[in-house]
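With our numbering applied, the sequence shown closes on residue 399, and no number is skipped along the way.
Calculated directly from the structure, the hints in this document are not laboratory data.
Possibly wrong hints are sitting among the right ones.
Said to hold, decoys possible - The calculated lysine to any residue pairs, modelled on SDA-like cross-linking and capped at a C-alpha distance of 20 Å, are:
1) Lys-159 <-> Met-385
2) Lys-159 <-> Gly-249
3) Lys-159 <-> Arg-296
4) Lys-159 <-> Ala-149
5) Lys-159 <-> Asp-114
6) Lys-159 <-> Glu-203
7) Lys-159 <-> Gly-242
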Amino acid sequence: MATRLPETEYGERLATVRERIADSDADAGVWFGATSIEYLTGFAHIQTERPVVLCVTPERAELTVPRLEVERVQGNPRIDAIHHYFDYPGGRPVEAAASMCREMGAESVLADADGAPGTMGYTGPPLSDFLDVRSQSWVPRMRWAKSDAEVALVRESAKWANLGHRYLADLTEPGAHPATVSQQASTDASRAMLDTLGGRYVERVRGSGPVHAGYISAHETALPHGHTPNQRLREGDVLVTGASANVDGYHSELERTMFVGEPTDEQVHYFELMLEAQSIAIEALGPDVPIADVDRAVSDYFEEQGVSALAQHHVGHNIGMDGHEPPYIDRGWTAHCESDDTEYDPEDARMEVGHIYTIEPGIYTEDAGYRHSDTVVVTEDGFEMLTYFPRDLESNVIR
């Protein structure tokens with residue numbers, strides 16, 4: 001049962017970026033992105049108008065935070081010193097971060113951005129007003145292939161997502177409201193997860209439980225990102241579900257197309273087309289497979305079946321700390337990697353051991369949508385399914 005990333009992972013990550021700093025002519029690496037800071041140090045925070053800035057040199061890792069984050073950073077064994085400003089805008093966060101870098105002996109830095117993102121109304125000067133700044137995007141690329149420890153966390157997430165989805169299916173019935181069913185399933189699964197894991201659960205949520213399970217229904221399923229309709233469930237409704245769980249900052253994705261009552265012949269037809277498309281995509285996964293080819297195989301199948309016009313998105317995406325991460329299983333991925341406009345290389349167009357993908361081809365009629373999503377990891381021998389709620393039609397009919 002994996003519930004926490006081992007300390008050794010952070011040491012290896014920091015060692016990797018320190019090697020890259022040493023291979024450059026810069027004095028330090030700097031990060032403004034919340035996910036990158038968490039990936040390198042384990043310090044998780046919500047990105048707001050108050051920037052947090054990490055500076056790493058070959059010898060030290062130091063952090064500039066707003067005053068309200070100081071106590072949360074204290075005790076982090078990977079942070080050698082904490083600098084703070086009172087608040088934004090009076091605290092001048094970028095100036096404080098530049099001062100931190102200079103105190104560390106860094107006048108030239110490689111940064112993930114030239115200043116903090118404009119989140120929640122933040123506007124501030126670029127870091128290059130104070131230091132020599134060049135760009136790097138090391139951490140997002142490092143996150144593509146997951147270590148065994150990271151895969152174990154996503155596998156644990158999938159286990160609790162499966163429980164949440166089971167509660168969701170059991171609570172669903174005609175006359176129920178999709179919003180309250182989703183809330184109840186999420187609450188019940190979260191309670192079970194927290195009671196089971198106890199102190200082993202790493203706090204990663206605020207005001208909600210670690211498991212989310214819910215669905216959209218009726219006409220909203222015809223929209224890939226539909227809203228929960230204010231309409232009670234009725235016989236004949238199509239549901240597109242979604243379940244995940246947060247395990248030390250890592251996530252899985254489980255989605256199913258379900259039916260309230262017996263599906264019509266037309267609904268069965270589209271369900272089976274979607275299910276076959278997902279099977280084609282899953283079976284195409286493996287190390288060194290061109291990523292674009294998986295999406296292309298599904299596109300070819302949809303064209304053969306005469307439903308290409310009903311597809312509205314690519315097959316899937318990488319997943320881990322974020323819900324959506326590159327690489328994307330998209331027909332354009334190879335050209336994207338070979339373009340002069342990206343930082344990627346041609347070899348980035350192929351799958352690697354440790355890539356974790358959501359596999360979710362969908363088709364959408366005027367009346368309803370049909371989409372399963374499973375979380376699958378690329379292994380040396382091919383792939384491993386991490387989510388495991390039944391995919392067949394019979395298991396996804398609510399009677």
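Status of the hints after comparison with the structure:
1. Lys-159 <-> Met-385: 12 Å, holds
2. Lys-159 <-> Gly-249: Holds - the C-alpha atoms of Gly-249 and Lys-159 are around 15 Å apart, at most 20 Å.
3. Lys-159 <-> Arg-296: Answer violated: Lys-159 to Arg-296 is near 30 Å, above 20 Å.
4. Lys-159 <-> Ala-149: 16 Å, holds
5. Lys-159 <-> Asp-114: 40 Å, violated
6. Lys-159 <-> Glu-203: 18 Å, holds
7. Lys-159 <-> Gly-242: Cα-Cα ~14 Å, so holds.
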